[in-house]
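*Asks:* Generate the whole structure from the sequences, applying the supplied hints.
In terms of this note's numbering, the sequence shown opens at residue 1 and continues consecutively.
Bear in mind the hints are in silico, worked out from the structure with no lab data behind them. Given the structure is predicted, the values throughout are model-derived calculations rather than measurements. One or more of the hints may lead you astray.
[As the list claims (entries may be wrong)] Taking lysine-lysine and the DSSO-like style, the derived pairs with C-alpha atoms no more than 27 Å apart in a straight line are: (1) Lys194 / Lys262; (2) Lys75 / Lys202; (3) Lys449 / Lys388; (4) Lys75 / Lys113; (5) Lys480 / Lys542; (6) Lys262 / Lys177; (7) Lys177 / Lys480; (8) Lys449 / Lys177; (9) Lys257 / Lys202.
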Amino acid sequence: ATVRHLVERTPGLNRSSEIGLPIPWQALHDNQGWRYEPRFGDAFNSFRSLLVMALPDSETGVRQEVYLPVHRTRKYVGWFYARHQTGDRRVEVSFRKRDDASIVYCHASLETKGSDWARYDFALELPENALAPREPADFVIALKDGGRAFLDQAMLYPADHVEYMDPDVLTLCREMKTTVIRYGGNFTSGYHWKDGIGPLDKRVSMLNQSWGFPEYNHFGTDELLRLCELVGAQPQIAVNLGSGTPEEAAEWVAYVKEKWGKRSAGVFWELGNELWGTNHQIGYPAFSELESRTGAFATAIRNVEPDAQLIATGADPDGFRDWNAELMKLPAGMFRYFATHFVDTVHDVRRRDASSEFITEAAFALPIGLERHLHEMKAQFDANPQWKGRAQIAFSEWLFLGHADRVPSFNNMGGAVITGGMLNTFLRVRDIVPISTMTGLMDFHGILKAKSQVFGTPSYWAFRMYANAGAARVVPTTTKVETYDVEEGNVRIPNIPQVPYLDVVSALNDTGDTLILFCVNRRLSGVTSARISVDGFNGPGKAQSLFAAGIAAANNEERPEAVTPVESAVQAEDSTLEYTFPPASVTVIKLKKDG
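*Replies:* And the structure:
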């Protein structure tokens with residue numbers, strides 16, 4: 001959320017701004033008035049600290065709303081930096097009832113030692129009867145009895161953190177078996193990587209200009225590499241072609257090479273992010289600068305890491321020709337991949353007064369429309385003699401947003417159907433698109449966290465079903481299914497003919513004894529019965545199907561597994577499997593080979 005959204009959700013933060021408190025902190029006691037002063041030029045971290053001035057015979061402090069993962073642990077650790085000014089030296093940290101400072105769940109008292117900045121570590125343990133899951137509390141730092149001190153850099157973590165990462169998030173990451181984690185996005189064009197390395201407490205907080213909220217720089221290069229290690233993924237890092245320099249990018253590559261060792265040759269380096277974005281990219285290059293700027297960064301990186309996997313910033317599939325042609329003026333081999341993105345609002349359609357059903361069918365068809373555009377992109381590569389056979393596509397962002405009721409969106413069941421369609425498309429065009437990263441491992445399609453409850457979206461579950469299916473080799477599939485045509489649909493790809501209602505891709509596992517069927521049913525109502533010829537795979541099997549009562553169904557912090565796959569046993573007879581697909585569903589079927 002932006003700062004504006006935080007204030008809209010918690011109107012009391014307006015008062016914080018009036019009396020000099022940094023949002024989202026609030027006064028512990030609103031009736032005490034101005035007992036705070038932001039002090040510029042005197043801070044442990046960055047350039048500003050907060051002077052807190054307690055009243056005599058009272059306490060004065062700051063509080064922040066927190067949601068604690070009490071479903072997992074009641075122990076918490078943290079630290080803050082303080083510099084004593086005068087009076088009582090005690091500083092108390094505590095958890096209290098939200099908006100009721102008189103109810104203290106637990107506390108720890110520390111004594112500041114002098115007038116120099118020092119770090120003070122604390123531990124808090126909630127009693128068993130305090131605080132229910134998803135119930136807010138106030139985290140409080142308070143001074144007492146006329147004490148005055150400067151405060152800076154307060155940190156709070158569950159005691160079971162994994163190198164400051166959420167263990168619930170790590171579990172879901174591992175279970176989705178993602179092989180690549182992308183470090184990129186709009187923030188890339190103004191990101192300077194050295195801001196995110198070194199001691200955590202000395203990393204400077206600043207404004208994230210892309211999204212309008214603070215950037216604390218707590219998750220930098222080292223944290224990215226460690227996350228990749230913990231979940232078994234390879235990093236894909238976008239360098240700053242906006243306000244950055246080739247020298248800065250080369251230094252970043254050298255840093256990762258030193259940290260990542262022999263694995264560094266497998267790191268994917270993206271040369272910028274959406275550089276065509278004149279309205280949302282800091283320092284975007286003019287079209288006339290694209291060739292020279294991309295070439296300069298590619299050369300600088302290759303001088304450090306000759307085997308670097310380089311991805312140039314290509315254009316979106318629905319408008320790529322001129323942009324990608326400009327990039328192809330560079331020598332083939334300077335980079336291997338052209339990045340492409342497709343971030344779309346599905347309810348933006350050409351047809352007037354379109355029903356939610358029409359919008360949904362048009363959205364479900366988008367993977368088919370994109371697949372056809374991807375073949376057109378390949379045709380452009382192949383038409384250029386020096387690039388033919390030497391260029392592929394990295395589909396490094398795809399996201400489908402629905403801001404209207406009863407239409408698909410990244411976080412609902414309709415979004416999962418689109419995700420299944422995208423994954424089937426990528427399986428079919430695997431030689432054209434060997435790399436794909438959906439927008440957002442956290443947030444958007446992937447893993448969400450609300451009120452300390454971590455859960456996966458339906459799209460996460462679709463991705464996880466595919467990733468855990470064990471597919472090693474795609475095999476030819478012939479289908480005879482009903483189709484539909486989209487006319488005046490999504491504004492970006494309005495006309496998509498012959499969209500299959502039932503979309504099927506087949507694969508074998510690494511030993512060839514298991515047939516895997518990836519099936520997406522685009523029908524909005526009524527089941528779809530199918531006869532599937534599976535010659536030689538009559539052994540016992542199972543099906544996982546992801547579906548819901550409607551496409552708007554979603555998981556949330558109250559019902560984190562409302563939409564999850566349902567598993568059932570299946571069995572082919574005489575090399576024929578009969579299966580009934582629920583409407584608007586994603587299904588993975590696995591059948592064992594005879595004998």
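*Asks:* Next, verify each hint and record whether it holds.
*Replies:* Here is what the structure says about each hint:
A threshold of 27 Å between alpha carbons decides the hint, and for Lys194 with Lys262 the separation of about 22 Å falls inside it, so the pair holds. Restraint check: the Cα-Cα separation between Lys75 and Lys202 comes to about 26 Å, which is no more than 27 Å; the hinted pair holds. Under the criterion of a C-alpha separation no larger than 27 Å, the hint pairing Lys449 with Lys388 is inconsistent with the structure, at around 44 Å. Distance hint between Lys75 and Lys113 is fulfilled; the C-alpha atoms sit about 26 Å from each other, no more than 27 Å.
For the given pair, Lys480 sits about 23 Å from Lys542 by alpha-carbon distance, which is consistent with the 27 Å threshold. Between Lys262 and Lys177 the alpha-carbon distance is near 22 Å, which keeps this suggested pair within the 27 Å criterion. Between the alpha carbons of Lys177 and Lys480 the distance comes to roughly 32 Å, so the proposed pair goes past 27 Å and is violated. A C-alpha spacing of about 19 Å is found between Lys449 and Lys177, which places the hinted pair at or below 27 Å, so the restraint holds.
A hinted pair counts as satisfied when its Cα atoms are at most 27 Å apart, and Lys257 with Lys202 qualifies at roughly 24 Å.
Violated hints, in rising order: 3 and 7; the structure is consistent with all others.
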